[in-house]
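**Q** Sequence:
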Amino acid sequence: CVTGVQTCALPIWARVGRFSRAYHEGGKTLLARCTDAGRFDSAAAVNTPDVRLVVNRGGTNESVARALLPKASLRVHPDNIGVFGEVAEGRADVMLTDDVEADLKSLQDPRLCRSFAGTLNRVSKALWMQPDPALADAVDGWLGKAISAGDTAHWMDAAMHAAAAAPPHP
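According to my numbering, the sequence shown is numbered sequentially starting from -15.
Keep in mind the hints are simulated off the structure, nothing from the lab. Heads up, a few of these hints could be off.
[To be verified] Pairwise CB distance ranges, derived in the manner of DEER restraints: (1) 114 <-> 19: 45 to 53 Å; (2) 64 <-> 121: 31 to 39 Å; (3) 33 <-> 143: 34 to 42 Å; (4) -2 <-> 143: 22 to 30 Å; (5) 32 <-> -2: 20 to 28 Å.
Source: prediction; values computed, not measured. Backbone N, C-alpha and C fix where the C-beta goes; we use that ideal spot for every residue, glycine too.
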């Protein structure tokens, strides 16, 4: 920003912090009952008015569903926890969610399966930190080494299995 100028070319998040290099590449995918997973194996299979698509309210799942699956019969669920039960119990056919979350919910609930192997969009996961150049260099250097050594994939896998083994939310 230039002193004395009211507007700034940088978005607000870039003025208060920065992201590290990406440690995971993923995106949104589809989650369905395992018995129906073959029916919902692509965006085209979901993007029809007879498919009951559910997402949680207000997040990126909702905005991506509206953008990429506009023909599906979209229902927005009021919370982030109970939304998975809508699919598992048959009140919805399929859910759009983050690939990591879809994999976790598949481990936690044997009724649910990821029905699309890939992702419908691409999203990078990174760490958010203060905009300190020395800190950014240190974190990016550490992450680069961890990624090259396969540590981040190991950490994600260990966290996934620990979360899957934890008691479910009430």
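**Q** To test your reading of the hints: which numbers does this structure violate?
**A** 5
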